[in-house]
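Enquirer: The chain contents come next:
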Amino acid sequence: MSTHTFKVNGETVTVDVEDDVRMLWVLRDVLGITGPKYGCGINVCKACTSHVNGKAFNPCSVPVGAISESDEITTIEGLADGDTLHPMQEAWIDNDVAQCGYCQPGQIMAAVALVKRCEAEGRDIDDEALDEIRNICRCGTYNRIREAIKAGADNM
Amino acid sequence: MSAPTRAPKERRDVSRRRFLGYLVAAPTLVVAAELGRQQLFAPPGASAAAIPSPPQVADAYDLLDAIRDTARPTANLVKVEVNRDGTVSFALPRSDNGQGIITSTAMIIAEEMDLEPEQVNVTLADSRPELVFNQLTGGSSTTFSTFTPIRVAAAIAKGALLDAAAHLLGQDVDTLTSRAGLITGAGGSAIPFSELTEAAATDVTKQVEVALKPREEFSIIGTERGKSDARAIVTGKKQFLADMKVPDALPTVICRGPNLNSEPLSVANADEVRNMPGITDVEMVSTGVAVRAATTGQAIDGVNALRVEWDGGTVEGENDESVLEKVRAAELPLAVPSVPGETVEGDFTFYFRSNSALETNMAIADVRDGSAEIWSALKVPITVQHDIAEQLGMPVNAVTLHVVEGGGSFGRRLFGDAAKEAAEVSQKLGKPVSLIWTRADDSRQGRTHPMATSRIRAVVAGESVVSFEQRHTSVTTDFGHGLGDAATAAAAKLPLGAVGFSEAIWELTQTTPYDFGAQTRVLSEVDLRFNTSSMRNVYSPDVCTARDLIVDQIAAKMGKDSYEFRREFLRDDAMRAVLDKVAEEGNWGRSMEEGTAQGIGFHIEYKSFAACLVELDCRPETVNREIRSARTGPRVTKVVFASDGGLIINPLGYKAQVMGGINDGIAMTLTSSLHLEDGHFIEASWDNYFYTRQWNTPLDMQIFIVDSGRPEPGGVGELAVAPTCGAIACAYARATGTVPEYFPILHKEPLPFEPYPTVPPIPPSPTNGLEMAR
Numbered sequence: 001m002s003t004h005t006f007k008v009n010g011e012t013v014t015v016d017v018e019d020d021v022r023m024l025w026v027l028r029d030v031l032g033i034t035g036p037k038y039g040c041g042i043n044v045c046k047a048c049t050s051h052v053n054g055k056a057f058n059p060c061s062v063p064v065g066a067i068s069e070s071d072e073i074t075t076i077e078g079l080a081d082g083d084t085l086h087p088m089q090e091a092w093i094d095n096d097v098a099q100c101g102y103c104q105p106g107q108i109m110a111a112v113a114l115v116k117r118c119e120a121e122g123r124d125i126d127d128e129a130l131d132e133i134r135n136i137c138r139c140g141t142y143n144r145i146r147e148a149i150k151a152g153a154d155n156m
Numbered sequence: 001m002s003a004p005t006r007a008p009k010e011r012r013d014v015s016r017r018r019f020l021g022y023l024v025a026a027p028t029l030v031v032a033a034e035l036g037r038q039q040l041f042a043p044p045g046a047s048a049a050a051i052p053s054p055p056q057v058a059d060a061y062d063l064l065d066a067i068r069d070t071a072r073p074t075a076n077l078v079k080v081e082v083n084r085d086g087t088v089s090f091a092l093p094r095s096d097n098g099q100g101i102i103t104s105t106a107m108i109i110a111e112e113m114d115l116e117p118e119q120v121n122v123t124l125a126d127s128r129p130e131l132v133f134n135q136l137t138g139g140s141s142t143t144f145s146t147f148t149p150i151r152v153a154a155a156i157a158k159g160a161l162l163d164a165a166a167h168l169l170g171q172d173v174d175t176l177t178s179r180a181g182l183i184t185g186a187g188g189s190a191i192p193f194s195e196l197t198e199a200a201a202t203d204v205t206k207q208v209e210v211a212l213k214p215r216e217e218f219s220i221i222g223t224e225r226g227k228s229d230a231r232a233i234v235t236g237k238k239q240f241l242a243d244m245k246v247p248d249a250l251p252t253v254i255c256r257g258p259n260l261n262s263e264p265l266s267v268a269n270a271d272e273v274r275n276m277p278g279i280t281d282v283e284m285v286s287t288g289v290a291v292r293a294a295t296t297g298q299a300i301d302g303v304n305a306l307r308v309e310w311d312g313g314t315v316e317g318e319n320d321e322s323v324l325e326k327v328r329a330a331e332l333p334l335a336v337p338s339v340p341g342e343t344v345e346g347d348f349t350f351y352f353r354s355n356s357a358l359e360t361n362m363a364i365a366d367v368r369d370g371s372a373e374i375w376s377a378l379k380v381p382i383t384v385q386h387d388i389a390e391q392l393g394m395p396v397n398a399v400t401l402h403v404v405e406g407g408g409s410f411g412r413r414l415f416g417d418a419a420k421e422a423a424e425v426s427q428k429l430g431k432p433v434s435l436i437w438t439r440a441d442d443s444r445q446g447r448t449h450p451m452a453t454s455r456i457r458a459v460v461a462g463e464s465v466v467s468f469e470q471r472h473t474s475v476t477t478d479f480g481h482g483l484g485d486a487a488t489a490a491a492a493k494l495p496l497g498a499v500g501f502s503e504a505i506w507e508l509t510q511t512t513p514y515d516f517g518a519q520t521r522v523l524s525e526v527d528l529r530f531n532t533s534s535m536r537n538v539y540s541p542d543v544c545t546a547r548d549l550i551v552d553q554i555a556a557k558m559g560k561d562s563y564e565f566r567r568e569f570l571r572d573d574a575m576r577a578v579l580d581k582v583a584e585e586g587n588w589g590r591s592m593e594e595g596t597a598q599g600i601g602f603h604i605e606y607k608s609f610a611a612c613l614v615e616l617d618c619r620p621e622t623v624n625r626e627i628r629s630a631r632t633g634p635r636v637t638k639v640v641f642a643s644d645g646g647l648i649i650n651p652l653g654y655k656a657q658v659m660g661g662i663n664d665g666i667a668m669t670l671t672s673s674l675h676l677e678d679g680h681f682i683e684a685s686w687d688n689y690f691y692t693r694q695w696n697t698p699l700d701m702q703i704f705i706v707d708s709g710r711p712e713p714g715g716v717g718e719l720a721v722a723p724t725c726g727a728i729a730c731a732y733a734r735a736t737g738t739v740p741e742y743f744p745i746l747h748k749e750p751l752p753f754e755p756y757p758t759v760p761p762i763p764p765s766p767t768n769g770l771e772m773a774r
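Protein chains in written order, with UniProt numbering: chain A, 1 to 156; chain B, 1 to 774.
Bound conformation, chain B alone:
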């Protein structure tokens, strides 16, 4: 229950900072605040031990700041509306694919308005072109960017309701209390929000000032709350895109070519396939041949029956090692010469990894009569809306784009690949389509985390690290979803001069948490026409893996313990508190059996500090355990994780994000990768692509929140991945005595599967399901 708060104190306390918002002209109470304008957060202070490193860009100004600041010039209003039934509505201009931001946003509004979270109805906003760069869900930025503006709007709404109630009750506003949507005055007289919303409404939009509820009075923020859609999920009622019924939008599947991005040249048997059971349409489009049918299964059968001539795609004849050679050729030299006896160096390779979610790429499109209506899970809908308008030859306002909750994202939903394709198919057919990528398409043709190398050279003199250089070289990461533009615009204000957008993201996200003297981190990219994107982070998991492995080696060279060394060289006490927490709770340094070891990783990003301690079992009986069609290998038996993420809205949701990040880190470091062979990725499904499964996940996982009292929420969606990767890599080196040189560590092990053919493109569904029932 939210505790009653007295209105006057918080609204008249001149010592507290006041924020601007608007009462919006409307028949009922509508208030608004500007996204991107409000800020409480100050960068952490640095205290130096060892040789202080000069400030790094991301320390004072990081990607979260960039995303927020890019929005400053636009008047990007987010609106809180009080409905006639007393509930409050808010359309969140973000995309929820399981992160729990709908739940946490309801909590933020409920807190400020002294409501119960159930009284707040949060939905996802359609594409809103006027928000320009301010409808981006990425970089773990949602809560950081929206926290204060949403609170401002909610606080203004509550103030207006209190004023209206004071007027109606004929009482001084100072005597009123508000709880759960009921405003109560002296003598017990009370009026619900439902009866106040019209009285509180304004017929002229006006600017108002408001102070926010002080943290000491929070009764909802910081409490554990289950996801708002939990019951709908466990009863099968939650509607994903594929579950939506749009009239006549029949299932549509694309026949894709054998190589990455193969384009169709001709179709030999379109009429024959058109006559197959259930099939209504067969049409060549830019990415393949579309088949529309009564059921998805029949569309798949049609796809597999097509005889299509294809071009060689964008990476014809290439394989893992040929691409690695090209990446190597783009590597920049390290600046400090290698000094025998004083240098610690490492060179690590990271193979392609898929960010395919469990719900494949999907979109419903109805493009007829000069307008388009499209439904998809999109994290940057404005960019997609513009692209589709251009592609269809329509004005932007003829394209309506509905943002639907997605079944996972991990970077995939930054792009509108399926939405654009569905729009093209629907326009060509003149019919609505429900376009679904098959799993094989999603895995082989979908976006990947690019192959990269990360090289580090550190110069050590006695007890000090004099310099620390990291050179990251990568197949180009596609930021074409619009984040690139936002970051570039923001980066132009930095003391960096003109930089490309990848370099901007690099500088805004990458920072080394240690005092290692002179530090440089440089990114170079080579564009090889792969379909790439970020994947539950862009660079950090790989950068952190390389850094933690070298940090362990520097510690060893100085004869220091891995934890003690990190502790000594971390830049401030708040970071140390997080590291200490995992060391304590995880019993760092305990005696371990041969073939097993602990490892520790540390990372700072998203205004957060995170440490991970793992225990890894590399004994042969564990590594070689047999599970059908599976990657087993070393098992992470225990994870102890701690982070300081500033103000935590919902600890239960926060820890859920950390848990997911840990399981991602396990996959990235040990098991999951794509293999490029002869111009295509061979993985066509989940028993080919080894994301973490129950037999890989830790048996003991402990997650701790460290609170140093910072006033604003940092990011958590991607936070846990990098330090988990670092910890596992270090544990592996310690358990086996071999420092891994490429990732995932099992990438080159024999494949426990026979790759599916690429023609026909979709592995046929088995028919023996009843025999396997158990």
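Pulled out of the complex, with its shape left as it was, chain A reads as follows:
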């Protein structure tokens, strides 16, 4: 066992767990932060998508030992500003996107990062950009996800 300190959703936390345990299980099983979901464990389904220092990443594929004290992790639980939802979360509600909802925390976190990346690269949120999203939704909500991202991007 070894000690790891980092920031999650604005709070500094310290966990006592082996270096090679993936962040997904540190978040879920150790810290009880369950917004990031298990869907594959091999960085394929993207259901655990969260942010590290503002970029989208998949905690299933990062050993806790690779996270340093200065790293700031944001999960879906930390996206809203208190009771004020992030524009992407609002867009998700307005477009009635979710069905079972299991993949949606990851979808929203991926969407926010995509919009920021496109903005930085001077690209539009067009079909080509939306086709890049790898997050799986087995309920098949893809079309409302596309609509919501366009609407959410307008308000970001």
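No lab work stands behind these hints: they were computed from the structure. Values in this document were obtained by computation on a predicted structure and should not be read as measured data. Mixed in with the good hints there might be a few duds.
Cross-link-like lysine to aspartate or glutamate pairs, in silico, EDC-like; alpha carbons within 16 Å at most [what the hints assert, rightly or not]:
#1 K326(B) with D311(B)
#2 K55(A) with D83(A)
#3 K245(B) with E373(B)
#4 K557(B) with E568(B)
#5 K237(B) with E77(A)
#6 K326(B) with E568(B)
#7 K116(A) with D154(A)
#8 K237(B) with D81(A)
#9 K150(A) with E771(B)
#10 K237(B) with D83(A)
#11 K150(A) with D81(A)
#12 K638(B) with D127(A)
#13 K116(A) with D94(A)
#14 K55(A) with E119(A)
#15 K213(B) with D700(B)
#16 K7(A) with D94(A)
#17 K748(B) with D320(B)
#18 K55(A) with E771(B)
Given chain A, put chain B in place with the hints provided.
Expert: Showing chain B alone in chain A's frame:
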């Protein structure tokens, strides 16, 4: 806002049909109605064009009727309770895995009681053995089965509250109005439900009669409403099973064998694995070796470190083609001889497909001291509860089964595979466990939609179709979840004599919407010990794909347009209205670039009619577009879908189900399948199993509701899949000039992945996630 309705009119209108329910003895107002007793729906009338086909079983009596009727002999009460805070509670004896039935049920109750849907608290009921067959979520039947009983209970509750208010206010009940939980009398005096529920309560259970709110007065039903848990979902607060904390229920993963259903013979290094970090237990169970640990990741590491000797499983040495040969051997002959020049025939193969949901199979179990408490997402909990009691050697009432909302179902949650396993592990360890199937397990060992062939022969004479035969041959579909028994019981009342349960489901669901003269549809099955189940429908997507392809060929033979031909041969005008809608909105027949084409599909089921028009792009630059670890292939660029599903409770939720069904249809027809090699399925994750992704989904999707005024809701959960499959298959044939003979169409294309090893069973988690952050 719900409009105020005046009580007296609706309660005293003798011309309207009245329904029976109960006031239940309780300290506060509790009312009940019987599931399975109430019915408004009449079968659609058939009007004949061309050579009328004799009535088919599913026209007059289909699976939805069977599910409802099987419940008739039991007094299966659903209860609406008015709480002391003025809200209304209802425990729905169904399983919500994203279909939105919690939201729509709240709308139904709110409508009848003139409440806002937020004032209605709908939860999922625990397993209730007394409901016998009436706790089944399947066959797109929920709203159809529960609509009227829930309304009856709600209407009785409102009536009792009005009577209590009349008494307390000293006013005639006719002068009272009710809105949003407040009953108002003449002169503005008002009493909220919260202050009436005790006064309205009864100390003797009694039967009462009630009339329901007429459709013209609906102000909630038929309006668009977002899902009730939308905010919880987008903030990460919605609790799925894996997010629940049951004290000491540590993550537990099963080490499974290399072949389908391999059983463990011996473990060489259990002690070594037991000493790995975080691991608390290693125990051989019937399906593998269970590893319990502090974190799921450590349990997975333990599983991968185990050295286990396995048997060969249930399909040792088999592969796709050897199984197909066995299916072929079980095919029944077509009855009408092939006549050169007059016969249109087709023979289509459908490979195995996985119904794995995004949330894998999962259950929490605490089996200690002679009792068991289990949590899982279960669509037929009563069957699972009985099975677990038997397996554990306990009486049924020692087993408590909580139905938890699941992360998708698509047929998976019909079975309690994880619940049974968790119960076994917990009993053996004497400790609580939170058992999770890994993705690899869920994909390789989980249930599949069985391989099948569908053969059709149609005899055409001039402008008529004289006969239409379809022979469907399939690896056996497992209906062991109890639907089988329900349907068999119901089928015994049909003019079919004794039939097996698969045949019963077949007859209750399959019907051809066209007047094609003499028609026969026959199912035969071959049991090859696969783990199967329905998958967002049982037979219809495959049956409809085959039928639509042949319908297009018959039309071509007669020199008719695909749409015009369907229009002419459909059996009635309500069906035609749906077909016309997609043709109009989708601009059927517009000129298309070479390599692209339109296709049209049509299907009737679940008391609903559905048509789909797609545009498919099969140009090389589209088919061969490169995306890492992906199936690209032809792209459905546009979908126009229309359906008449009777009364629609929530159009927004209805269209959501259609959207999901369309994306399923795309996967089923083009991209998604399992490949059986040497006794096991090779797909171990999502970049192996190609369910629809953003790069496959249509860029333009339009969904229309056609309303012909039918009074009851039909089913929608699975409705959209079949006609979408048919439309895509037809578009592919037209765009490429080649009629596909097997599905999914890309099944035999080179795999864009290297299969993961089967030993160790779980692909290890990568460590480069930070490098991939973007």
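Enquirer: Does each hint hold? Answer for all of them.
Expert: Verification of the hints:
1. With a C-alpha separation of about 23 Å, the suggested pair K326(B) and D311(B) falls outside the 16 Å cut-off, and the hint is violated.
2. Restraint check for K55(A) and D83(A): the C-alpha separation of about 23 Å exceeds 16 Å, so the hint is violated.
3. As the CA atoms of K245(B) and E373(B) are separated by approximately 14 Å, the hinted pair is consistent with the 16 Å bound.
4. For the suggested pair K557(B) and E568(B), the alpha carbons sit about 15 Å apart, so the restraint of at most 16 Å is met.
5. Under the criterion of a C-alpha separation no larger than 16 Å, the hint pairing K237(B) with E77(A) is consistent with the structure, at around 8 Å.
6. For the hint linking K326(B) to E568(B), the alpha-carbon distance of about 39 Å lies beyond 16 Å, and the restraint is violated.
7. This hinted pair checks out: K116(A) and D154(A) have alpha carbons roughly 12 Å apart, not beyond 16 Å.
8. Pair hint K237(B) plus D81(A) holds up; C-alpha atoms about 15 Å apart against a cutoff of 16 Å.
9. The straight-line distance between the Cα atoms of K150(A) and E771(B) is roughly 27 Å, outside the 16 Å bound, and the hint therefore fails.
10. Between K237(B) and D83(A), the direct Cα distance comes to roughly 13 Å. Compliance with the 16 Å bound is thereby established for this hinted pair.
11. Proximity of K150(A) to D81(A) is assessed by CA-CA distance (about 21 Å); at most 16 Å being required, the pair is judged violated.
12. Simply put, K638(B) and D127(A) have alpha-carbon atoms about 13 Å apart, close enough for the 16 Å limit, and the pair holds.
13. Note on K116(A) and D94(A): the hinted pairing is violated, with a Cα-Cα distance of about 21 Å set against a maximum of 16 Å.
14. For the proposed pair K55(A) and E119(A), the alpha carbon gap of about 13 Å is at most 16 Å, so the pair holds.
15. Pair hint K213(B) plus D700(B) does not hold up; C-alpha atoms about 38 Å apart against a cutoff of 16 Å.
16. Using a Cα cut-off of 16 Å, the hinted pair K7(A) and D94(A) is violated, with the two alpha carbons roughly 31 Å apart.
17. Only pairs whose Cα atoms come within 16 Å are accepted, and K748(B) paired with D320(B) is accepted, the gap being roughly 11 Å.
18. Of the pairs offered as hints, the one joining K55(A) and E771(B) holds, with about 11 Å between alpha carbons and a cut-off of 16 Å not exceeded.
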